[in-house]
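> Read off the chains here:
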Amino acid sequence: GAVVSQHPSWVICKSGTSVKIECRSLDFQATTMFWYRQFPKQSLMLMATSNEGSKATYEQGVEKDKFLINHASLTLSTLTVTSAHPEDSSFYICSATLAGGAYEQYFGPGTRLTVT
Amino acid sequence: DAKTTQPNSMESNEEEPVHLPCNHSTISGTDYIHWYRQLPSQGPEYVIHGLTSNVNNRMASLAIAEDRKSSTLILHRATLRDAAVYYCILRDTSGTYKYIFGTGTRLKVLA
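Residue numbers (our numbering), protein chains in the order written: chain A, 1 to 116; chain B, 1001 to 1111.
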């Protein structure tokens, strides 16, 4: 149980275009989802916390107009990287917590974004 | 946010026990200690968590110091598949329940 999927697993896009990444909890309902970014050889950096039906809470230094997060249902959150630039190339990982559970986070497999 | 400190890297021989330390001197009374591991190009995988008492599961054991300012993840018999980056995380219980990842420990297992 507690499986989280991400789609796509990898994507290449041109500079200036937008890319949407989906995060789904497959076998449980997630009240809260989190989005992380990870650069090579570095640790995960929390970008934002997303609660179903409400606006995301962004960490300091993360541009909310550039990284649009939508959490429309208890099983789906999306991250849209708008007007992507090469410096946005990274490994994006989402996680989800069980509704009413002990709040352990279950992580998706990640999405590799390359902006050319 | 409470912080954790881990050694950057450790090595272990296959089939031997591994003790991965973590310091969290600023831990608050309600912070849970979580351990995850991450293989290359994958999302983190849950290993174990605890609050005050030592914990065991099929993957590992977690030993928590009496003052809770440090903990140790114990892999009883390391295998090559255990080579990963291990993260010790304090789960924020102030309302957001977010994780703040530290640098983690890169475990190398020698055959």
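Do not rely on the hints blindly, as some may be mistaken.
Take a look, some chain B residues computed to stay more than 10 Å from chain A by CB distance [stated by the list, open to error]: (1) Gly-1043; (2) Ala-1060; (3) Arg-1068; (4) Ala-1111.
Here are the simulated DSS-like cross-link-like pairs (lysine-lysine), alpha carbons at most 25 Å apart as the crow flies [what the hints assert, rightly or not]: (5) A:Lys-55 to A:Lys-66; (6) B:Lys-1108 to A:Lys-41; (7) A:Lys-64 to B:Lys-1108; (8) A:Lys-64 to A:Lys-20; (9) A:Lys-14 to A:Lys-55.
These stretches of chain A come out as covered by chain B in the derived footprint (C-beta under 8 Å, 3 or more residues) [said to hold, decoys possible]: (10) 24-31; (11) 105-116.
None of these hints come from the bench; they were simulated from the model. Even for Gly, the Cβ is constructed at its ideal location relative to N, Cα and C.
> Confirm or reject each hint.
We went through each hint and held it up to the structure:
For Gly-1043 (chain B), the condition that its CB be more than 10 Å from all CB atoms of chain A is violated, with the nearest at approximately 4 Å. For Ala-1060 (chain B), the condition that its CB be more than 10 Å from all CB atoms of chain A holds, with the nearest at approximately 15 Å. Remark: the non-interface label on Arg-1068 (chain B) is consistent with the geometry, its nearest Cβ contact in chain A lying 18 Å away (cut-off 10 Å). Chain A leaves Ala-1111 (chain B) outside its interface by the beta-carbon criterion, the shortest separation being 24 Å against a cut-off of 10 Å.
Of the supplied pair hints, the one linking Lys-55 (chain A) and Lys-66 (chain A) holds, its CA atoms being roughly 15 Å apart against a limit of 25 Å. Proximity of Lys-1108 (chain B) to Lys-41 (chain A) is assessed by CA-CA distance (about 15 Å); at most 25 Å being required, the pair is judged to hold. At roughly 38 Å between alpha-carbon atoms, Lys-64 (chain A) and Lys-1108 (chain B) are farther apart than 25 Å, so this suggested pair is violated. Distance check on the hinted pair: Lys-64 (chain A) and Lys-20 (chain A) sit about 14 Å apart at the alpha-carbon level, within 25 Å; holds.
A hinted pair counts as satisfied when its Cα atoms are at most 25 Å apart, and Lys-14 (chain A) with Lys-55 (chain A) does not qualify at roughly 28 Å. Three residues within the 8 Å Cβ limit are the bar, and the segment 24-31 of chain A against chain B gives 0, so the coverage statement is violated. Coverage of the segment 105-116 of chain A by chain B holds. Counting CB-CB distances below 8 Å, 7 residues qualify, and the rule asks for three or more.
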